[in-house]
Structure formats: C-alpha cells, structure tokens
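Colleague: Construct the entire structure; sequences and hints are all you get.
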Amino acid sequence: QVQLVESGGGLVKPGGSLRLSCAASGFSLSDHYMGWVRQAPGKGLEWVSSLSSTTNYPNYADSVKGRFTIFRDNAKNSLYLEMNSLRPEDSAVYYCARDKREKNHIYYMDVWGKGTTVTVSS
Amino acid sequence: EIVLTQSPGTLSLSPGESATLSCRASQTVSSSFLAWYQHKPGQAPRLLIYGASSRATGVPDRFTGSGSGSGTDFTLTISRLEPEDFAVYYCQQFGTSRYIFGRGTKLEI
Numbered sequence: 156q157v158q159l160v161e162s163g164g165g166l167v168k169p170g171g172s173l174r175l176s177c178a179a180s181g182f183s184l185s186d187h188y189m190g191w192v193r194q195a196p197g198k199g200l201e202w203v204s205s206l207s208s209t210t211n212y213p214n215y216a217d218s219v220k221g222r223f224t225i226f227r228d229n230a231k232n233s234l235y236l237e238m239n240s241l242r243p244e245d246s247a248v249y250y251c252a253r254d255k256r257e258k259n260h261i262y263y264m265d266v267w268g269k270g271t272t273v274t275v276s277s
Numbered sequence: 160e161i162v163l164t165q166s167p168g169t170l171s172l173s174p175g176e177s178a179t180l181s182c183r184a185s186q187t188v189s190s191s192f193l194a195w196y197q198h199k200p201g202q203a204p205r206l207l208i209y210g211a212s213s214r215a216t217g218v219p220d221r222f223t224g225s226g227s228g229s230g231t232d233f234t235l236t237i238s239r240l241e242p243e244d245f246a247v248y249y250c251q252q253f254g255t256s257r258y259i260f261g262r263g264t265k266l267e268i
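The listed protein sequences correspond, in order, to chains A and B. The letter at position 119 of the first sequence is residue 274 when you use our numbering, and the numbering goes up by one with no holes. The letter at position 5 of the second sequence is residue 164 when you use our numbering, and the numbering goes up by one with no holes.
Dumping the calculated SDA-like pairs for lysine to any residue here, alpha-carbon to alpha-carbon at most 25 Å: (1) B/Lys199 with A/Val248; (2) B/Lys265 with A/Pro196; (3) A/Lys255 with B/Thr231; (4) A/Lys168 with A/Pro196; (5) A/Lys198 with B/Ser185; (6) A/Lys255 with B/Arg214; (7) A/Lys198 with B/Phe245; (8) A/Lys255 with B/Thr216; (9) A/Lys220 with A/Pro243; (10) A/Lys220 with B/Glu160; (11) A/Lys231 with B/Ala203; (12) A/Lys255 with B/Ser225.
A short, non-exhaustive set of chain A residues, derived as facing chain B with CB atoms under 7 Å: (13) Leu200; (14) Asn214; (15) Ile261; (16) Tyr262; (17) Lys269.
Sample of chain B residues facing chain A (criterion: CB under 10 Å; computed from the structure): (18) Ser191; (19) Leu193; (20) Gly201; (21) Ile208; (22) Tyr209; (23) Ala215.
It is worth saying that the hints were derived from the structure and are not from the lab. Beta carbons: idealized from backbone N, C-alpha and C, even for Gly.
Modeller: See the structure below:
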C-alpha cells in the first residue's frame, strides 16, 4: 500500500529549529519528485518545497527560502524538511506529498500524508 | 506571479444537488498543470483531478473537471452530491518551478 507518514512536529520557540520526517512505503521515494505543503490555522494550502528525483535540486517558496532545507535519504526511503529560524507564521500542519511529474508535462501531487503539526510560540 | 482565484468562497447545497466550483488564473496557464484536491479536517488532502480534466484513481465519475489547452478559467463540477462530498476544494497550478494553490471553496451542507 502506497503511504506517507510524517513525524517530527512539535512546539518550538521563535528562532528555533525542527526537522520533519516523512517515511514512504509501497513505493521507492528515490524514483519520484517529493514535496512539502503546509496549512496554517484557518488558512488554505501553501506549497513549501519540492525536491527533484534525478538531480536532487530543490525549490522553495519565497516565504521559507534560506531557512528551510529539503533532502532525502534513499536508504531509509524517507524525506526530510530541516526548518531553521522558525517564525510564528511557520505554525501549520505540514504535509508530505509525492510530486508526480509525468513525461507529457502533467504535474500534480497524488499521494499525501496525514500531516504533522508545528507550533512556533514563546 | 500567477494568482488562482476560487469562487465562491463558500457554497451551501443539499445532498443530491450539483455543485459548480470555479478557479480563475490571473494569466493564461496550461491545463496540464491544473489539479483539484478535496480536503477534510484532520485528513490528508486527496487528489481528485489532474491535467484539468483527468480523474484520479478511485474518484467517482460524479466529479468532472473542465478547461483544456491554455486558458484562465477552470471548473470542477460535482453532480448528485453525497454527504461525504462536503469539504474544502482547492485548485492548484504549477508555474515557474513552484506550485500555487487557490484559497479554496468550502462546500457545506
């Protein structure tokens, strides 16, 4: 069964750091682009970052660029999001998603985890 | 940067009725990059439609996406609403190495 399970969320003070993990099962994470999407309380979905399957080249939303780092461990079939210099506005449920990019240039996110909650507060 | 405007913000309907959700892009976009998602509280978002009109695996044919080629207007139609259809729906577009989501339409009973 294809599945993504996030972990690592929690309460952190402004300026602090946190690492989120996403364990994949039922497919090889290394064969796919992968991404993170977040939802702040009372807000909609916001794309955070995606990581290429072939080049490992990352892309980031402007709101997190320079503070967040996306990377993967193929041996553990896991995706990570290292979050530094956290701000209260980073508080959100963070979802891991498989970022499907078909050869005919059809792009979408087809498998999602249930999310992990990050709260940035003093 | 592309902005996706979804309307209405909230849609109040009854089971058995049909829903029409709109997603308008601030500039011409490719339908290849247009997807729709359903999101319920406490659950993972669910892919419904990709490539503007292709249904994802397991999605009932009551869900129909329209809009083809390049354009600015895309629609998600849900016919014969079931109780489990009441949720928030998002459209998503890929552009300039990033994904953009609309603000969502809440479909409520």
